[in-house]
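Engineer: We have chain A; now place chain B onto it with these hints.
So the chains spell out like this:
2 protein chains.
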Amino acid sequence: MNQADCILGNAYVLTMDDVYAAYPRGAVAVLGGAIAAVGDEAELRRTWQATEVVDCGGRLLLPGLVNAHTHVPMTLLRGLADDRRLDVWLLGYMMPVEREFVSPDFVRLGTLLACAEMIRGGITCFADMYYFEDAVAAATAEVGMRAVCSQTVLKFPTPDASSFEDSLAATSDFIERGKDHRLIVPSVAPHAPYTCTPEILQACAALAAEFDVPLHTHLAETAQEVDDWRSEHGMPVIPWVKKQGLFGAKVLAAHCVHIDEGEINTLQHAGAGVAHNPSSNLKLASGFAPVASMLQAGLNVGVGTDGPASNNDLDLFEEMRLANFIAKAVSRDPTALPARETLAMATRLGARALHIGDRCGTLEPGKRADLILVDLESVHAWPRFEREPDAVYSRLIYSAKSTDVSDVMVDGRWLMRDRRLLSVQVGPLMEAAGEYARRIDHFLLAREGSVLSKLIAIGGAEQEESYEVQLKVHIDDAEPVLQAMQSGAVEVVRKAHYHEYDTYFSFGAEERERLRHREDEFIDEGGNVFNVRYRLTLTGPAKEAEYPNAALLSRSRFIAPAKHSLRFYREYFKPSLESEVTKDRLRWLISYQGEEFYVNIDRVTRPALPGFYVELKSRTWSRRDAENKAALLSELLAALGLNNAAPVSKEYAELISPHSS
Amino acid sequence: MNQADCILGNAYVLTMDDVYAAYPRGAVAVLGGAIAAVGDEAELRRTWQATEVVDCGGRLLLPGLVNAHTHVPMTLLRGLADDRRLDVWLLGYMMPVEREFVSPDFVRLGTLLACAEMIRGGITCFADMYYFEDAVAAATAEVGMRAVCSQTVLKFPTPDASSFEDSLAATSDFIERGKDHRLIVPSVAPHAPYTCTPEILQACAALAAEFDVPLHTHLAETAQEVDDWRSEHGMPVIPWVKKQGLFGAKVLAAHCVHIDEGEINTLQHAGAGVAHNPSSNLKLASGFAPVASMLQAGLNVGVGTDGPASNNDLDLFEEMRLANFIAKAVSRDPTALPARETLAMATRLGARALHIGDRCGTLEPGKRADLILVDLESVHAWPRFEREPDAVYSRLIYSAKSTDVSDVMVDGRWLMRDRRLLSVQVGPLMEAAGEYARRIDHFLLAREGSVLSKLIAIGGAEQEESYEVQLKVHIDDAEPVLQAMQSGAVEVVRKAHYHEYDTYFSFGAEERERLRHREDEFIDEGGNVFNVRYRLTLTGPAKEAEYPNAALLSRSRFIAPAKHSLRFYREYFKPSLESEVTKDRLRWLISYQGEEFYVNIDRVTRPALPGFYVELKSRTWSRRDAENKAALLSELLAALGLNNAAPVSKEYAELISPHSS
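Line by line, the protein sequences are chains A and B.
Oh and the first sequence: position 7 is 9 in the numbering used here, straight run, nothing missing.
Oh and the second sequence: position 625 is 627 in the numbering used here, straight run, nothing missing.
This is chain A alone, in the form it adopts within the complex (with noise of 0.2 Å):
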């Protein structure tokens, strides 16, 4: 006779596994966090034995549901700012928030509530992606539940890293100190194509490889970002990633929204995890992920909830009934992933495309003992119907809701009995959660005069790259400047003509934003204006750094396309001064020691002001190669002979005088 520490019986158990045995009186035997024997339960009972043995009511007894992507600590933003445009949301509420509030507390009091909600609707593992990782996972081991822990690396500063070198330092770091943890993987998550450049993509898929473990990413989630990747790297986003080496590395990729069927066989052929997210995609307005095509290519296809902050719950039931329905009324055909294939995706193929397969997902002897009850014995579930053996799928997944789910394993360890709660007391945390609610809502009530969230509430910002350096002078004649860019000293990559006409709006006394519209008149070699742009850009509050060389570098600047007209844009952001400059500006884009800069020769024509300004510039979404390029721009001045040239480190708008709107 066999010896296990437990014995769940009287139990429908479902295993999941890849012929969907199930028990309708069936047993489990625990020994050691394992499953050590599932079956029919007078079978199994001839061979095992336990000191404990659980009546289970005839509930069902599944493995666990895994939760194939989400960003836990955001349980804090539930419902911060709803019905609004994906960038509006982003941009003008998430960020902003999260890099005034995202710190080690916030990120653990977010993951234990999260794992609360979870716990309750019967999820036992998942995928997470946010700041301070090491936070996340210290506090889902707390909570004892199973977790990919992801720490996300983005080319722009974060709540974590003021630079994606240091945000990679610190996630090889936090990989290297949790790889071999019982409950926790962690791994490392370049947030997207579109936030990371192809270096940071690299640098993640050699960082999971050399470690073995999951790199976690969103990829294809909107048809803008397919759109952007076609007509800027003639491709869809997979192939590119695929070219930038991602697929060197065990890839876990997030929506996958908008593939072709090519996509799907390169994710397939890589060996890719997806998730799935049906809420997200449907609320954000994404689209409908191809999900009948990528379940029949073979693709583990796992399903998620998303952070709570866009879905706006962590409920599996739900997404496992959404993916459903969205499988069939996509494919137009109601026997589209039935009920059964469906529960698979959040388990079996759930915990594969986390690449965890070998240790949860089914109930099979040697997985780790992650396993749920759900009561169906409720007037929502009932009748039951048994003619047919898939029958107790349909009423699982058409029927049945999170709040059935009444009892929770995890590695062994029981998190839930009758619907209580073991391991993690939410009333003080939901207190908590209310301080820092109260404390966002203040801030953001304090901010509603921001020139930012009005630009992008209007049409949409983007962000240009992080960091700008400048060097900008006087000189009285430009004819010496002209011949050394022509005479070979830097090699000239393209030369343009612009007349500037410049409004500035500045705000308030503090001056801390400025924002410029901007009418650009391109002038041809015969001297006529052959295009227009009107644009409009926001800096930020004043410079970050100086440089010993007179060097500015700037941060954060926002650009975006001026649709309307100035008289629009003069009543809706209400600047209390005003200031115009009108330039003619030479405009060439320079190779210098293998780096690109502008290079400016402007003359100020209203109000007319003397001489010329030359300006040398160069952006860079890293801080060191900033530091790097402000060296570089004294050198530069020498090759132009400007190195006796009076240094400006006033911006025009501050040249001249503004007037009060």
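FYI, nobody ran anything at the bench for these hints, they're computed from the structure.
No residue lacks a Cβ here, since even glycine has one placed at the ideal position from N, Cα and C.
Be aware that a few hints might be false.
These stretches of chain A come out as covered by chain B in the derived footprint (C-beta under 8 Å, 3 or more residues) [as the list claims (entries may be wrong)]:
| # | stretch |
| --- | --- |
| 1 | 31-40 |
| 2 | 107-119 |
| 3 | 282-290 |
| 4 | 333-343 |
| 5 | 395-401 |
| 6 | 428-438 |
Simulated crosslink set (DMTMM-like; lysine to aspartate or glutamate; CA at most 25 Å straight-line) [stated by the list, open to error]:
| # | chain 1 | residue 1 | chain 2 | residue 2 |
| --- | --- | --- | --- | --- |
| 7 | B | K456 | A | E390 |
| 8 | A | K456 | B | D360 |
| 9 | B | K456 | A | D335 |
| 10 | A | K456 | B | D335 |
| 11 | A | K456 | A | E582 |
| 12 | A | K576 | B | E390 |
| 13 | B | K245 | B | D230 |
| 14 | B | K576 | B | E597 |
| 15 | A | K245 | A | E653 |
| 16 | B | K585 | B | D627 |
| 17 | B | K619 | B | D504 |
| 18 | B | K456 | A | D392 |
| 19 | A | K456 | B | E388 |
| 20 | B | K576 | A | E390 |
| 21 | B | K565 | A | D335 |
| 22 | A | K619 | A | E201 |
| 23 | A | K576 | A | E653 |
| 24 | B | K456 | A | E388 |
| 25 | B | K181 | B | D360 |
| 26 | A | K565 | B | D335 |
| 27 | A | K456 | B | E390 |
Among the chain B residues that face chain A by a calculated CB cut under 8 Å, a handful are [to be verified]:
| # | residue |
| --- | --- |
| 28 | L284 |
| 29 | R334 |
| 30 | G436 |
Structural biologist: Okay, now just chain B, sitting in the frame of chain A:
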């Protein structure tokens, strides 16, 4: 000081009135089952007092939800046959089971269980459509819920009526008896354009108009329905039903998935309400209704669960969220259908769609006291942002679950307090429902050999008109009849000539059903084959009746195109007996006394039978009509000079001897 029966205080009151008035510290006064006052609690209690004051503990207090379309007795068929094609599900499972099991007892039990589920989920009012609707109404009133109860009328025989004439008479009686009920609005439900005749639609509209009650129907649910309408009637569904005068009544139109802008305007001008059923439309792969456009046009669009056999639950929180998601995803606009407007669909607009907006749907003085309390202080709906007044709707739509409803009042009577049902006991009901499920499973297992279900399973079958009357005679010489046909005694509409190669499959000794595979060669004037058609026809168990003039009445023919080979059908259906008949058929469609009949002159060539057979036949949906036509058959026989010919009561399959397959 005004005296109320009861004041509900310490509540966050959402009135859902036209301006969405809300009172974060609100109260409601109830008097005589109606709402006497709503407002800020401090203010309300300056003018109202009551012996009973209920502390709502800060919970949300809002109008009870309106389930705009359902078939509540089908609760007993929940999960009976999922993941199947619509025709297989409907013709293969629902209709046969309904024919066998639906009775007043069945309907009462299903209604009581459905009411229990709906009350738990905060539904106070619903629009039902089923058979034995008087039993639905009685059970609903007993539980204390509000409902529009619509008696179904179909051209087919139904579980509660052998013909539509009977059904209409019973409906008229049901409406007349019940039209002044406090909770129930009786109504008529012509099932759908494709299951009704123009005559039925007209009679139903007249009936609804006569008693000023709503007319409840299914319109434009599937693309197939609309395609059929365009090709058969040259217009889509909505203008066609308008032409039939349907909008002479107050229409509640369920589904409206496939309608265009013009049809939306037609519905709006007609004052019709629409019931949008997102789960059902997705699960059956019917499509995505243009909800945002309908709302924009000012239509009263409610949200419905549809029947629990196609959903599979009665959870309006789920439907609201899904309606919201679908509206956003289909319009590719995440700002479409904000949370607040979504809740309006399930309250104010839903009540108006049911044409009872004068008595429920909002919390306003004078309306009946139908209201619910919702507890949002749960982990899954936390935290609470209060910066924007609409955030409360967002929590309700995107995070709350039906299980968060704690208290329900209808017409001033509490039906649930602190999650405890007060007017219905579910235990015995669940037991009885379990017993039905066992019997239904048994019935379906027993009919596993059913030819019809197998026919449907491989490609659908269409039911022909319910009734066929036929008179058949044998003659030695065809000449006199041929001359009579040309003499003008009858008006010939069209004429055809076929060679027919028939193979009959019979099953078992009882020979209850017979399946005919027919290859029709279409012969032109020159005797050449110009077309071939392959069809399967299933005829039901023997004759329904034989009239004195030897006319036969038969029922339930199903026709399907035969896309596979005869060999395939032989293997698939495994007939026990098989027989072959080849004949030469001259066929006329004629008009006689204003009615249409077919006349066949057949010569059986294999096995060669002497002489000719003349068949006179007609089909109809109405039994009364069948009787009229049977009487006309004798006259027609005489007109063709055949009154002395030998009557034949056997079908061709019976005239020859079959052989074992």
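Engineer: Which of the numbered hints are not met once you compare them with the structure shown?
Structural biologist: Per hint list: 1, 8, 14, 15, 16 violated.
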